[in-house]
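Engineer: Chain by chain, the residues:
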Amino acid sequence: EPEVTQTPSHQVTQMGQEVILRCVPISNHLYFYWYRQILGQKVEFLVSFYNNEISEKSEIFDDQFSVERPDGSNFTLKIRSTKLEDSAMYFCASSEASRTSGSYEQYFGPGTRLTVT
Amino acid sequence: LAKTTQPISMDSYEGQEVNITCSHNNIATNDYITWYQQFPSQGPRFIIQGYKTKVTNEVASLFIPADRKSSTLSLPRVSLSDTAVYYCLVGEAGGYNKLIFGAGTRLAVHP
Chain U
1 EPEVTQTPSH
11 QVTQMGQEVI
21 LRCVPISNHL
31 YFYWYRQILG
41 QKVEFLVSFY
51 NNEISEKSEI
61 FDDQFSVERP
71 DGSNFTLKIR
81 STKLEDSAMY
91 FCASSEASRT
101 SGSYEQYFGP
111 GTRLTVT
Chain X
1 LAKTTQPISM
11 DSYEGQEVNI
21 TCSHNNIATN
31 DYITWYQQFP
41 SQGPRFIIQG
51 YKTKVTNEVA
61 SLFIPADRKS
71 STLSLPRVSL
81 SDTAVYYCLV
91 GEAGGYNKLI
101 FGAGTRLAVH
111 P
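Sequence lines, in order, name chains U and X. Okay, so the first sequence: first residue is 1 according to our numbering, each after it adds one. Okay, so the second sequence: first residue is 1 according to our numbering, each after it adds one.
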């Protein structure tokens with residue numbers, strides 16, 4: 001069964017450093033997402049991406065964040081200058097996203113645990 | 001997006017049927033009801049989706065009454081591995097929409 005993969009599984013960085021989290025969505029999917037989950041809290045939407053541009057972003061997704069699909073397979077989340085409060089699990093997701101299918105299913109990756117010290 | 005309300009936690013024992021009810025009084029005509037499951041340190045996983053009446057797959061059943069103001073996820077004969085957080089989400093169909101997760105229901109299955 002195809003799956004979303006993410007690397008690295010755990011990233012430790014110092015405050016102020018830049019990090020890039022990588023994701024490989026399922027190959028025939030068209031919509032890509034980033035979510036985050038701070039330890040013990042709920043999963044929060046960050047951004048959705050379609051046709052090489054951002055479709056929607058949340059208030060969390062400020063100027064410190066950016067997303068990119070540098071090639072036909074990878075989807076990345078960059079945090080330019082990390083803060084302590086960016087420590088969280090970051091999940092990438094993708095969906096086939098047919099407007100006529102009625103399916104709401106998004107496939108999530110295993111996550112990258114980001115620890116900012 | 002319709003607001004959902006579900007129990008914070010539930011306990012069950014192996015082999016029992018578990019029913020988790022979600023209230024969504026303000027559900028809109030175009031909204032579907034979807035349930036996700038999340039194990040610790042893993043990403044959420046789609047379980048089931050429905051619009052009305054009953055939907056069943058190999059994992060669970062979803063019961064939706066005619067007024068669609070609530071729904072019930074039914075897990076038959078749970079095992080220890082069903083211990084997870086279960087999220088009820090309500091929104092327009094189409095996987096292109098963002099998912100808005102609430103706190104979910106933390107299900108603990110005991111031996």
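Think of the hints as simulated: they come from the structure by calculation, not from any bench. Positions of the beta carbon are idealized from the N, C-alpha and C atoms, including for glycine. Mixed in with the good hints there might be a few duds.
To list a few chain U residues with every Cβ distance to chain X over 10 Å, as calculated [stated by the list, open to error]:
1. Pro2
2. Met15
3. Ile20
4. Tyr33
5. Ile38
6. Ser48
7. Glu53
8. Ser58
9. Thr76
10. Lys83
11. Gln106
Using 30 Å as the maximum straight-line C-alpha spacing, the simulated DSBU-like pairs for lysine-lysine come out as follows [to be verified]:
12. U:Lys57 x X:Lys54
13. U:Lys42 x U:Lys57
14. X:Lys3 x U:Lys42
15. X:Lys52 x X:Lys3
16. U:Lys42 x X:Lys69
17. U:Lys78 x X:Lys52
18. X:Lys69 x U:Lys83
19. X:Lys69 x U:Lys78
20. X:Lys54 x X:Lys69
Engineer: Please go over all the hints and tell whether each is borne out by the structure.
Structural biologist: Evaluation of the provided hints:
no.: 1; hint: Pro2; verdict: holds, 14 Å
no.: 2; hint: Met15; verdict: holds, 24 Å
no.: 3; hint: Ile20; verdict: holds, 19 Å
no.: 4; hint: Tyr33; verdict: violated, 7 Å
no.: 5; hint: Ile38; verdict: holds, 12 Å
no.: 6; hint: Ser48; verdict: violated, 6 Å
no.: 7; hint: Glu53; verdict: holds, 13 Å
no.: 8; hint: Ser58; verdict: violated, 8 Å
no.: 9; hint: Thr76; verdict: holds, 17 Å
no.: 10; hint: Lys83; verdict: holds, 22 Å
no.: 11; hint: Gln106; verdict: violated, 6 Å
no.: 12; hint: U:Lys57 x X:Lys54; verdict: violated, 34 Å
no.: 13; hint: U:Lys42 x U:Lys57; verdict: holds, 17 Å
no.: 14; hint: X:Lys3 x U:Lys42; verdict: holds, 15 Å
no.: 15; hint: X:Lys52 x X:Lys3; verdict: holds, 18 Å
no.: 16; hint: U:Lys42 x X:Lys69; verdict: holds, 23 Å
no.: 17; hint: U:Lys78 x X:Lys52; verdict: violated, 40 Å
no.: 18; hint: X:Lys69 x U:Lys83; verdict: violated, 41 Å
no.: 19; hint: X:Lys69 x U:Lys78; verdict: violated, 40 Å
no.: 20; hint: X:Lys54 x X:Lys69; verdict: holds, 14 Å
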